[in-house]
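Enquirer: These are the residues of each chain, in order.
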Amino acid sequence: MDFDVSQSRDSLPSRSSEDLLDQSLAPTEEILIRVSKLNKYFGDKHVLKDIDFEVHRREVVALIGPSGSGKSTLIRCLNALEKPTSGEVYIHGDRLNPNLSLKQLSVLRRDLGMVFQNFNLFPHMTVIQNVTEAPLLVRKMPKDQAMALGEELLAKVGLSEKRDVYPSRLSGGQKQRVAIARALAMQPRALLFDEPTSALDPELVGEVLKVMKDLAYEGSTMVVVTHEMQFARDVSDRVVFMSDGAIVEQGDPEELFRRPQHKRTQMFLERIMSILP
Amino acid sequence: MDLAARAFPALLLGAVNTVIYCVSSFPIALLLGLLLAVMASSRFIWFRAPARTFIEVIRGTPMIAQIFILYYGIGALLGVYGLAGLINAWTAGIISLAINYAAYEAEIFRAGLLSVDKGQTEAAYSLGLTGSQSFFRIVLPQAIPFMIPPFVNDFIYMLKDSAIVSVISGTELTSVLTFWVTRNTSDSFPLYFIAIVFYLLMSLPTSYIARLFERRLRAAF
Numbered sequence: 002m003d004f005d006v007s008q009s010r011d012s013l014p015s016r017s018s019e020d021l022l023d024q025s026l027a028p029t030e031e032i033l034i035r036v037s038k039l040n041k042y043f044g045d046k047h048v049l050k051d052i053d054f055e056v057h058r059r060e061v062v063a064l065i066g067p068s069g070s071g072k073s074t075l076i077r078c079l080n081a082l083e084k085p086t087s088g089e090v091y092i093h094g095d096r097l098n099p100n101l102s103l104k105q106l107s108v109l110r111r112d113l114g115m116v117f118q119n120f121n122l123f124p125h126m127t128v129i130q131n132v133t134e135a136p137l138l139v140r141k142m143p144k145d146q147a148m149a150l151g152e153e154l155l156a157k158v159g160l161s162e163k164r165d166v167y168p169s170r171l172s173g174g175q176k177q178r179v180a181i182a183r184a185l186a187m188q189p190r191a192l193l194f195d196e197p198t199s200a201l202d203p204e205l206v207g208e209v210l211k212v213m214k215d216l217a218y219e220g221s222t223m224v225v226v227t228h229e230m231q232f233a234r235d236v237s238d239r240v241v242f243m244s245d246g247a248i249v250e251q252g253d254p255e256e257l258f259r260r261p262q263h264k265r266t267q268m269f270l271e272r273i274m275s276i277l278p
Numbered sequence: 147m148d149l150a151a152r153a154f155p156a157l158l159l160g161a162v163n164t165v166i167y168c169v170s171s172f173p174i175a176l177l178l179g180l181l182l183a184v185m186a187s188s189r190f191i192w193f194r195a196p197a198r199t200f201i202e203v204i205r206g207t208p209m210i211a212q213i214f215i216l217y218y219g220i221g222a223l224l225g226v227y228g229l230a231g232l233i234n235a236w237t238a239g240i241i242s243l244a245i246n247y248a249a250y251e252a253e254i255f256r257a258g259l260l261s262v263d264k265g266q267t268e269a270a271y272s273l274g275l276t277g278s279q280s281f282f283r284i285v286l287p288q289a290i291p292f293m294i295p296p297f298v299n300d301f302i303y304m305l306k307d308s309a310i311v312s313v314i315s316g317t318e319l320t321s322v323l324t325f326w327v328t329r330n331t332s333d334s335f336p337l338y339f340i341a342i343v344f345y346l347l348m349s350l351p352t353s354y355i356a357r358l359f360e361r362r363l364r365a366a367f
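Protein chains in written order, with this note's numbering: chain A, 2 to 278; chain B, 147 to 367.
Bear in mind the hints are in silico, worked out from the structure with no lab data behind them. There could be a bad hint or two in this list.
[Unchecked claim] Here are a few chain A residues that face chain B, going by a calculated C-beta distance under 10 Å: (1) Ala81; (2) Asn100; (3) Leu103; (4) Ser107; (5) Asn119; (6) Glu134.
[Said to hold, decoys possible] Partial chain A-side listing against chain B, Cβ under 8 Å, derived: (7) Leu101; (8) Lys104; (9) Ala135; (10) Val139; (11) Arg190.
Glycine included, C-beta positions come from ideal geometry on N, C-alpha and C.
Build out the structure end to end from the sequences listed, making use of the hints.
Expert: And the structure:
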């Protein structure tokens, strides 16, 4: 996999020129997530059709496509929030067997952080409690260590001053940044984003995308279901276009956006680009 | 007025007994209700079916029948093993109240737990929390503020419902009241008045404290 930074990433101000040369943050050959022959039915509805899909370490993959195309279902299958009807999901070599107990699944799920469209912050906990809950409970991290980690992550998403506030006092963008910090607190191998900006007011989308960009440049492995085409184009290493439960086309973002090979991709991009400035 | 003064100590004792019946049986009803609610929401039929059956049978049959069965039926059964002493008006009363109310509290728990967004459990699972961690740390704490008003409602009901223990010779406020009223039918008004004041003295602080508690829990989110 080529990591061509000159094409897509040089326009972004947050990345310094030194970083651009740092090839150690490029996607590796190591496969972190592997999906093979994945099928999912909701009743009679065939929502995922024979999906084969891989994510390499340090790779940022954008999943795009019309609504109802199965993107969210696919990403939810990756950490067993949905059970595939057939097919296999491997996380870092471990098979995500649908027959595993909740306890066994919880161990595998620690490897993947998830950020939801509707944030799903815990409303009865303060911001810092939201972030430290899983390290304390799941990792059994000592309290002072968890607090230090929580504060570091809140600083990273620019919300240090909100540490003792309840989520109801936060804007949507702030909520989503806390949710990202919460996912990072488990130090997962990869982050899954399920339409992280779709529930946000337009003026709040930027702050969340900025945090995601920073993560991408630090070499995080990310799978992002998104309708933000600019983000997919500028930040991702690979764009996967899905339609009707199948992967229609995937590849280098610049290539896919400029010269989509399939009719369906062309139609989708035309429709969505026509409303972009 | 003389009658009221004479009846007062007995009525007070009756009120204290009412409180003892309720304060002992309601927590048991809550715990059993939670267990039933969790079982009734289980994916596994062999958890779900017994819980549903229990809830429907208990809700669908009169408490007076349940209390008789427990007191005389189970009492006789235990008598066979020389354990008849275990069943008296206190134990039979408290157990019947607890069992009966558990069926109702279970449905309150179930409704409360259902009111918590599914996304909360998903977020907890995605962080690697186990089923019980996500239930006790994430879902239940969010459901409790919504369940307090119906719980308090039922507790206040129980304060009065506990009068049913009089059928197995339990002594509580209503049974003491009846005892005095039947002996003073021409002058019973002050007796009723005292009993009503006692009932209010039990229920009003309950409502007040519960509202305070609820407000504090809800203030956060």
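Enquirer: Does the structure break any of the earlier hints, and which numbers would those be?
Expert: 2, 7 and 11
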